[in-house]
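K.L.:
Chains A and B supply the protein sequences, listed in that same order.
Everything in the first sequence is counted per this note's numbering, starting at 493 for the first residue and increasing by one.
Everything in the second sequence is counted per this note's numbering, starting at 1196 for the first residue and increasing by one.
Just so you know, these hints were derived from the structure itself, not from any lab.
Keep in mind that this is a model prediction, so the values were computed, not measured.
Just so you know, even glycine gets a beta-carbon here, dropped at the ideal spot from N, CA and C.
Worth double-checking, as some hints may not be accurate.
Claimed, not checked - Calculated Cβ distances over 12 angstroms to all of chain A for the following chain B residues:
1. Ser-1210
2. Ser-1262
3. Arg-1263
4. Lys-1272
5. Ala-1285
6. Val-1312
As the list claims (entries may be wrong) - Restricting the straight-line Cα-Cα distance to at most 27 angstroms, the calculated cross-link-like pairs of lysine-lysine (DSS-like) are:
7. B:Lys-1208 - B:Lys-1261
8. B:Lys-1278 - A:Lys-574
9. A:Lys-598 - B:Lys-1208
To be verified - Partner residues aside, some chain B positions facing chain A, computed with beta carbon under 7 angstroms:
10. Ser-1228
11. Tyr-1297
12. Thr-1298
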Amino acid sequence: NFMLTQPHSVSESPGKTVTISCTRSSGSIASNYVQWYQQRPGSAPTSVIYEDNQRRSGVPDRFSGSIDTSSNSASLTISGLKTEDEADYYCQSYDSSHMIFGGGTKLTVL
Amino acid sequence: QLQLQESGPGLVKPSETLSLTCTVSGGSISSSSFYWGWIRQPPGKGLEWIGSIYYSGNTYYNPSLKSRVTISVDTSKNQFSLKLSSVTAADTALYYCARRPYTNYFDPWGQGTLVTVSS
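Looking at chain A on its own, in the form it has when it is part of the complex:
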């Protein structure tokens, strides 16, 4: 199985844009869809992006997902940052039917 590596933390100011990366250790990032989840403190994770770049219903269009085969990574980009975006973000992919999560990134909006 491969691993998904995320930065431990990122921080940015309100109104700015932040990008969180998720790098696949082996095999092509394009081989299997990548998903992104948001987890606010004390709450269960919720899906924000699925199938690389599809926004879940109700998720603002400030959230976008992409993949980059040259760096073998996926990215979650949040524009027009709001304080309510402060949360942990997890990427997830799969190998056959085995699910694999990244270690998570803590986003601080300050």
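Model the placement of chain B on the given structure of chain A, informed by the hints.
P.N.:
Just chain B, lined up with the frame of chain A:
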């Protein structure tokens, strides 16, 4: 609106078996479009997939837990269950259940239930 709710003991003794149930409401667990999964999160740590099950009983398990995990489904009750044997303190975690479409993501999730392994 589909909802999932985990239930089970919040305290389990070391070496015993952890047992949790996920009750699905607002939709049928027998839908051919979905798998159903368990994910856990140790306090202050990241997410770990435990396993998934189809309504027919077909299962997939995390290789690191496979020897201790059993996931089953009861379509008559619209529930699926998790059993984790020979637990240790390392199994202390928030346990979530979730629906998993064929394209392999989890949505929605239950609220989670904390299971502590301690004597």
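K.L.:
Tell me, which hint numbers fail for this structure?
P.N.:
8, 9, 10, 11
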